[in-house]
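Participant: Okay, here's what each chain looks like letter by letter:
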Amino acid sequence: MNIEVDAEVVGFARRLAAAGVDVPPTRVHAMLEALDVLGAGSLRSVYWSGRVTLCASPEDVERYDRVFAAHFGRRPDRPPRRVTVPPVTRLIALPDGSGDGARDGHDADPERQRIATASRLEVLRNRDVTTLGPADRAEVGRYISALLPAAPDRVTRRLRPSPSGPVDARRTVRSMLRHGGEPVDLRRQRHGRRQRRLVFLVDVSGSMAPYAETLLRFAHAACRVRPATEVFTVGTRLTRVTRELRRRDPVAALTAASAAIDDWSGGTRLGDELKEFLDRWGQRGTARGAVVVIGSDGWERGDPALLADQMARLARLARRIVWVNPHRGYKGYSPSTGGMRAALPYVDRLVAGHSLGAMQELAALLGGREPLGRARPAREGW
Amino acid sequence: MADIDSAATTPGELARRLDAAGYLADEGLATAAFLAVRMGRPLFLEGEAGVGKTALAQALAEVLGAPLIRLQCYEGVDAAQALYDWDFPRQLLHLRAAEAAGVTDVDRLEHELYDRRFLLARPLLRALETTPSVLLVDEVDRADDEFEAFLLEVLSDFTISIPELGTVRAETPPVVVVTSNRTREVHDALKRRCLYHWLAHPTFEREVAVIRRHLPGVSERLADDVARTVQRLRAADLLKPPGLAESIDWVTALTALGATELSADLATRTLGAVLKYQEDTERIMGEVAELVGRP
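Chains as they are written, first to last, in our numbering: chain A, 217 to 598; chain B, -14 to 280.
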């Protein structure tokens, strides 16, 4: 191995990491090893040695091809395509307290004066998150991050030792061995139980932007307590933000997720996005038997018929579909948007998602096993 | 390991030998397989169902002259099914026999009970004990994620420790192929330990070549027709786009009907060989003529 090649590879790996591929040093080392086996003579061996060692998914391969062309291509000095990262502040109101003075004269509001004696949490509970000042918003955010979204469980194939249940022949025989072949006690086993997967599809289009942060926070709380949770954002494109939301710290997680989403405040093509989700993830297993939470106001720019088709597909795969619509929280709401009407027949439960209280209810609802009221007929209870 | 050394001198040579074994590997796949063999790292193959992930392991075993040991993963697969298990009924028999013979040396008896001959080797242990061998860990995405951590441990140092017996270490690590249909995301740590290759659907020319390689008696016309139609079906936005395996099934079905070329009528009658969802079949039924049509 020579130092020039090493330096070149390390430089390339850095650039790849900047493009969003997770490239730990062990992988760079593996690439150098592979390059050593293939011989560093040709661009092809460089290409393949990197591709099999630095990539870990088809998305990585796409990025890899792009970065490789930019790095080793005819114009190696061409900068990689710049991805516009939306300002993080739109997603997260940091608890700096500085914005309180400019809270549109909230404190002069007699309504606010009257309820000032009630517990602060009670006040915050029922306020629409979009009407909160930065400090309150941050506080509500912290409450949401502390929620423990439940998930219903399912029976697994695996048998576990249990005080009752059918006889576990293997353990029984093992214990017989210890007692000179005498069946001293019968061991028993039962099927284990396991949490169902939670899948979040959060609409980040313009009309939903004020509420998206709350929903993503909630999804982050779910990721923390249920590691199998998957989170996607939909707008004009589908973005998987599960990896970003795995960070424990809510602020760091939401900042990373915000940077990964590049269709903030665009339009919504729910039908197309849902289809992409089902094609790439849902049908392969992500949605199977899962509890799917869709956070959207149902403002669909595309064809509602496509959305209805895709909702039907999703309904066949998922255990349960919960639709969170912030507008549901207001009296006199009726599902009037085209997308909402198309989707409704397949939704098991339509809930509000506009306030802390609504999110608390959602957290409890997800874990519920009793058959809850349903918008669509004859779905098996849980 | 003579076979392995001679079969994998260059990626091109490995591709040629895989070809001779009935598997057509493109440059990327051949290079990935070559590196896996030479670097002693598992090859992680991901791709749609039916693109030839499992078949590669079979061909690789043939080329390397090594037995193929397969571990089929499923939800709930555990160590007893993947690693080893004690043969309790036989241990019990041995115990009874020893008792009947009036054996009193308890320590020795216990030692005898946990002898290698009472150990049932499951695929992972068998692969470590067999040199050379090709280990296929099939559809790892179906196993629970706990199982991945366990698999990672075995694939990292190729040793298995059995408390009653000691540590089993592979003389030469087996060539390992791990496949995934990507029904869920496999953990990064496992992928990092492996060489990664994404296997996409083949191009038209490749597909024709693979069909003719698998079914040598098939007319060129039929292979062309089927490959072209299947390529169009893949672009038709189906719930389950047909893979290479489905193309081969379809040609087999058509050959069984005595066809030498594909017509709309034949296609309609045999659509079940390629489309596996009722919705897909319904959608395609109306468009069969266009899909089958020659350019």
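By construction, these hints were calculated from the structure, which means they are not laboratory data. Treat the hints with care, as some may be off.
[To be verified] Below, a list of computed lysine to any residue pairs in the SDA-like style, where the Cα atoms sit at most 20 Å apart:
(1) B:K225 - A:R504
(2) B:K225 - A:D488
(3) B:K225 - A:V226
(4) B:K261 - A:D525
(5) B:K225 - B:R177
(6) B:K225 - A:A354
(7) B:K261 - A:R504
(8) B:K225 - A:E355
(9) B:K261 - B:R279
(10) B:K225 - A:A528
(11) B:K261 - A:R496
(12) B:K261 - A:A528
(13) B:K261 - B:P280
(14) B:K225 - A:V389
(15) B:K261 - A:F284
(16) B:K225 - A:A531
(17) B:K225 - A:R529
(18) B:K261 - A:G545
(19) B:K225 - A:R358
(20) B:K225 - A:Y280
(21) B:K225 - A:L522
(22) B:K261 - A:P274
(23) B:K225 - A:A444
(24) B:K225 - A:G227
(25) B:K225 - A:G501
(26) B:K225 - A:G349
(27) B:K225 - A:D525
(28) B:K261 - B:S204
[Unchecked claim] Rough simulated footprint, nothing fancy, chain A against chain B, three-plus residues with beta-carbon under 8 Å:
(29) 10 to 18
(30) 240 to 253
[As the list claims (entries may be wrong)] In silico negatives: residues of chain B with every beta carbon more than 10 Å from chain A:
(31) A65
(32) L77
(33) R107
(34) L140
(35) S146
(36) I147
(37) R169
(38) V193
Note that CB positions come from ideal geometry on N, CA and C, so glycine has one too.
Participant: Is it true that the CA of K225 of chain B sits at most 20 Å from the CA of R529 of chain A?
Facilitator: Roughly 13 Å between the alpha carbons, so the hint for K225 of chain B and R529 of chain A holds.
Participant: Would the least Cβ to Cβ distance between I147 of chain B and chain A come out above 10 Å?
Facilitator: The assertion about I147 of chain B holds, with a minimum of 15 Å to chain A.
Participant: Please work out if K225 of chain B and R358 of chain A have their alpha carbons no farther apart than 20 Å.
Facilitator: 43 Å, violated
Participant: When you check the alpha-carbon spacing of K225 of chain B and G501 of chain A, does it fall within 20 Å?
Facilitator: Judged against 20 Å, a Cα distance of about 13 Å means the pair holds.
Participant: Between the alpha carbons of K225 of chain B and A531 of chain A, is the straight-line distance 20 Å or under?
Facilitator: 17 Å, holds
Participant: CA of K261 of chain B to CA of R504 of chain A, is that 20 Å or under?
Facilitator: Given pair K261 of chain B, R504 of chain A holds - Cα atoms ~18 Å apart, limit 20 Å.
Participant: Quick check for students: does the CB of L77 of chain B sit more than 10 Å from each CB in chain A?
Facilitator: About 6 Å separates L77 of chain B from the closest Cβ of chain A, which leaves it inside 10 Å; violated.
Participant: Against the 20 Å threshold, does the CA-CA distance of K261 of chain B and A528 of chain A hold or violate the hint?
Facilitator: Given pair K261 of chain B, A528 of chain A holds - Cα atoms ~18 Å apart, limit 20 Å.
Participant: Does R279 of chain B lie within 20 Å of K261 of chain B when you go C-alpha to C-alpha?
Facilitator: 24 Å, violated
Participant: Starting from K225 of chain B, check that the Cα of Y280 of chain A is at most 20 Å away, please.
Facilitator: 27 Å, violated
Participant: Between K261 of chain B and R496 of chain A, is the straight-line Cα distance small enough, at 20 Å or below?
Facilitator: Roughly 18 Å between the alpha carbons, so the hint for K261 of chain B and R496 of chain A holds.
Participant: Check the hint pairing K225 of chain B with E355 of chain A against an upper bound of 20 Å on the C-alpha distance.
Facilitator: 46 Å, violated
Hint check: violations occur at hints 3, 5, 6, 8, 9, 13, 14, 15, 18, 19, 20, 22, 23, 24, 26, 28, 30, 31, 32 and 37; the rest are consistent with the structure.
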